[in-house]
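Protein chains in written order, with the numbering used here: chain A, 218 to 376; chain B, 912 to 1317.
Please note that the accuracy of each hint is not assured.
The calculated lysine to aspartate or glutamate pairs, modelled on EDC-like cross-linking and capped at a C-alpha distance of 16 Å, are [stated by the list, open to error]: (1) B:Lys984 to B:Glu1255; (2) B:Lys998 to B:Asp969; (3) B:Lys1256 to B:Glu1235; (4) B:Lys1029 to B:Asp1081; (5) A:Lys376 to B:Glu1224; (6) A:Lys375 to B:Glu1219; (7) B:Lys1021 to B:Glu1080; (8) B:Lys1190 to A:Glu322; (9) B:Lys1315 to A:Asp368; (10) B:Lys1256 to B:Glu1233; (11) B:Lys1085 to B:Asp1013; (12) A:Lys376 to B:Glu1219; (13) A:Lys360 to B:Asp1052; (14) B:Lys1212 to A:Asp368; (15) A:Lys312 to B:Asp969; (16) B:Lys1106 to A:Glu333.
Per the computed footprint, the stretches of chain B lying under chain A, defined by three or more beta-carbons under 8 Å from a beta-carbon of chain A, are [to be verified]: (17) 963 to 969; (18) 1044 to 1054; (19) 1057 to 1069; (20) 1214 to 1222; (21) 1290 to 1296.
To be clear, the hints were calculated from the coordinates, so they are not data collected in a lab. Just so you know, even glycine gets a beta-carbon here, dropped at the ideal spot from N, CA and C.
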Amino acid sequence: MIDKNEFQNKIKKAEKTAYKAIFFSFLASVLLLFAAYDPTFSIFGNKETALTYSDTVENKNEDKIENGVHIRTGLVDAEGLITVVNNCTNCHSAKLVIQNRMNTERWNTTIKWMQETQNLWDLGENQEVIVNYLVTNYPPIAKGRRLNLTDINWYTLKK
Amino acid sequence: MKRRSFVKKTVLSSFAAIIGTELIFGANMMEGYTPLALQEPNPFKLFSKNKEMLVLNDKPWNIEAQAHLLDDKVTPNSSMFIRNNGKIPEEINPETWTLTIDGEAVKNKKTYTLADLKSTFKQHTYQLTLECGGNGRSEFDPPAKGNQWTIGAVHCASWTGIRLRDILEDAGIKSNAVYIGYHAVDAHLSGDPSKEPISRGCPMSKALQDETILAFQMNGEAIPLAHGYPLRLIAGGWPASVSGKWLNRISIRDKVHDGTKMMGTAYRVPKNPVAPGEKVKDEDMGIIESMPVKSLITYPKTGATLKENQPLEIRGHAWAGELEVEKMEYSIDFGATWTTCLVEKPANRLAWQHFSASINFPKKGYYEIWAKAIDSNNIAQPMLLPGWNPKGYLNNACHRIAIKVV
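Isolated chain B, as found in the complex:
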């Protein structure tokens, strides 16, 4: 006890001394420079999150929303899930931050400062849906490994930045380019500096889309630290892990990127359907690309009690990876009958779409409202769990809420 508190004190006090000197320069502290050490142990304050967010893991931070917290058309930071694979970088200086474009298939390896990026290339703003590949993992049986996300690992914020295409073309793309792979400054949980917690990417076709951007703003402000400050790749409609945070390097590869979490079972699913719990060989797994069609009822919150004859207005969002949601339906009788909802066009490609409906319940009792989105290829969300896979990805089963009419 004594030894420990002694060690703690020494560490803390030398720290205070360091912080003390740092605070003297506090006035000149760059905007957005966020020494985490000065902040709260309370994660809701630390990350400016709604207190109803659910903390799945505190090292590394993994926090998800609940359906009713996602009611806004454009998701505010307070309701955005956090999925971190390693430790959040602590000291980021935007003045000295650089991004390097390299790889086997780059014509000229090039390094840009943040200021270069902002001044050289045209900026674009898009609302983009990012869903964790493992959203809904908690429902798989047998249980799938990893953070047990329920429904709240999805958001659609407004992102501002430059097109990845513009910067890749500025450095020059060779004809043998296949894939891009990102690298970032977050640290591995084991503390091993030679290990990257995550380094994923996407095929050139996705990298070159208009909406694939290198963002420095989220909802009109600097990206919050936990969401990738100062530079984040945003690839809407694909597993959110493609949208790497804290980026300092992008490699144009002449093969499928082989960084951390591109291999094995990470963000990969069986190429052919398997029975629940079945072992799958590495070579029989394929990388997840576009996310499947899905929706959430964000109003009302589950558990609403209504009076008889009181109509209920429901609303929510629907999204379909690379595709658009064509039709949206709800059922109050467990799928025996379905009624069409109003569904809006997306603000831009890859933004989630808003739906609404007014429901009249025929008599008193317990109801569940099930919501089902159908994409432009006429593929619908299943009511039951979709195909089992070792890591529990791609659960797009219908969302439902409980209602009582009394």
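Chain A with its partners taken away, still in its complex shape:
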């Protein structure tokens, strides 16, 4: 249960942000209209560098890599990473991709299945990049008919 004061404060806050939102949406529409009439922002002279700058800042935060891992998705940083991020993490999370290990042929079949039944788009030349990335970084591991038990956390069982 939310306490009444706190609740009212929340509403006030929401109202304030809503006003801000309206203001900003107004601003955005003006900018959009402006952009439609003057897509290169030529009126401000050399705007191109500024745009590229903001783009790279955005990419840096979104696609941060730590210890060889793409933080946002958990995918390994290797050739083809961003193509995989852009095409394979839209519908389901990358966790479903990482869990699955296949050879080239089975990946191609899986992609075809998603295209036929799950609305995945035509990947064009990216398909080879993606499949190469997957078979190189997530190769199948041989398990035979039963593996040893591993990763056992030993503990003392009291009587």
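Once you have looked at the hints, place chain B on chain A.
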């Protein structure tokens, strides 16, 4: 960066405005009405799950238990696996919710409100075992596609609802009825509203069983949202995907239901055994019906260290799809010798059965306890992986835990 956070802010603030108005009516909010948007990003809190549950996928949500979390005789929500094929529906209003019975083989297409269902038909409560067809998939070699379930995609909760038979008969079943197919309100991952994430069903013979129910309660409370609130089909002993969640329509079909995930390799296995990795043609695949005999050691947790001469009490559950478990055995020498466990009768048909045994270890050392259930047709769990299939279904190989005597 700037553009993105700006967009985020606008979206969030208009959202806050909407939520704000919604909260004013909060006092009248219907029981069980769960706007997901107000909840936690932490899945354990969001779904009230034990923190030791394993998240296999967060979009869509796929979460499994570990063996020791399944020790309860009746599985609590906190330990129940979640297998979702699409997006969980967000705004469910039980007051306006309806279920329609239609299809080629229905006598009169009929629509019922939840209140109709609850007041018109007799209610029944059963403990029913639901296991994901792909439970154990992670062990197949070559790897099988899909979420890599280990052992925890099974539960046996207590479900309350009305018999599917009663409502189907109320609408009227024509003599050409073959199958039922369910439809639900969850959304496809691609966002395409014309696509159903999953729409499966079962033959009439299963649909008409006493224990096949349309449930609105789980363990005595409204079904949690992730488990199918407000209405879920429960068909115990069959792949849990038959037990559709969030149902708003059931079709009585004059042919085998052809909804999403009834075709291709989904919930189907080769009719004849194949070599690992072999390609199988569509027409050579058959729909999975009853699940195979299986068991889990739920106590102790794997990794227990004991003193020499300290006896070990083990316990767990065993189940056998449509059948009953007749016998339960354990081995501490990799199958060279087997000892019989005590196994209880099921609470009702299709409920899992509890077993227990007391083990004395002959000397110090590393042991594995392997558990093996045998069904009423005298079929036992294999110690090795059963037949390979493209999607890695039906792995009922013996469960085992590691023990050290020091």
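Tested hints:
1. B:Lys984 to B:Glu1255: 11 Å, holds
2. B:Lys998 to B:Asp969: 10 Å, holds
3. B:Lys1256 to B:Glu1235: 8 Å, holds
4. B:Lys1029 to B:Asp1081: 14 Å, holds
5. A:Lys376 to B:Glu1224: 10 Å, holds
6. A:Lys375 to B:Glu1219: Roughly 13 Å between the alpha carbons, so the hint for Lys375 (chain A) and Glu1219 (chain B) holds.
7. B:Lys1021 to B:Glu1080: 11 Å, holds
8. B:Lys1190 to A:Glu322: Roughly 11 Å separates the two Cα atoms, so the pair holds.
9. B:Lys1315 to A:Asp368: Measuring from Cα to Cα gives roughly 14 Å; hence the hint holds.
10. B:Lys1256 to B:Glu1233: 14 Å, holds
11. B:Lys1085 to B:Asp1013: 11 Å, holds
12. A:Lys376 to B:Glu1219: 12 Å, holds
13. A:Lys360 to B:Asp1052: Answer holds: Lys360 (chain A) to Asp1052 (chain B) is near 6 Å, not above 16 Å.
14. B:Lys1212 to A:Asp368: Holds, at about 13 Å.
15. A:Lys312 to B:Asp969: Holds - the C-alpha atoms of Asp969 (chain B) and Lys312 (chain A) are around 7 Å apart, at most 16 Å.
16. B:Lys1106 to A:Glu333: 12 Å, holds
17. 963 to 969: holds (count 4)
18. 1044 to 1054: holds (count 5)
19. 1057 to 1069: holds (count 3)
20. 1214 to 1222: holds (count 5)
21. 1290 to 1296: Check passed, 3 qualifying residues.
Every hint from the earlier list agrees with this structure, and none is contradicted.
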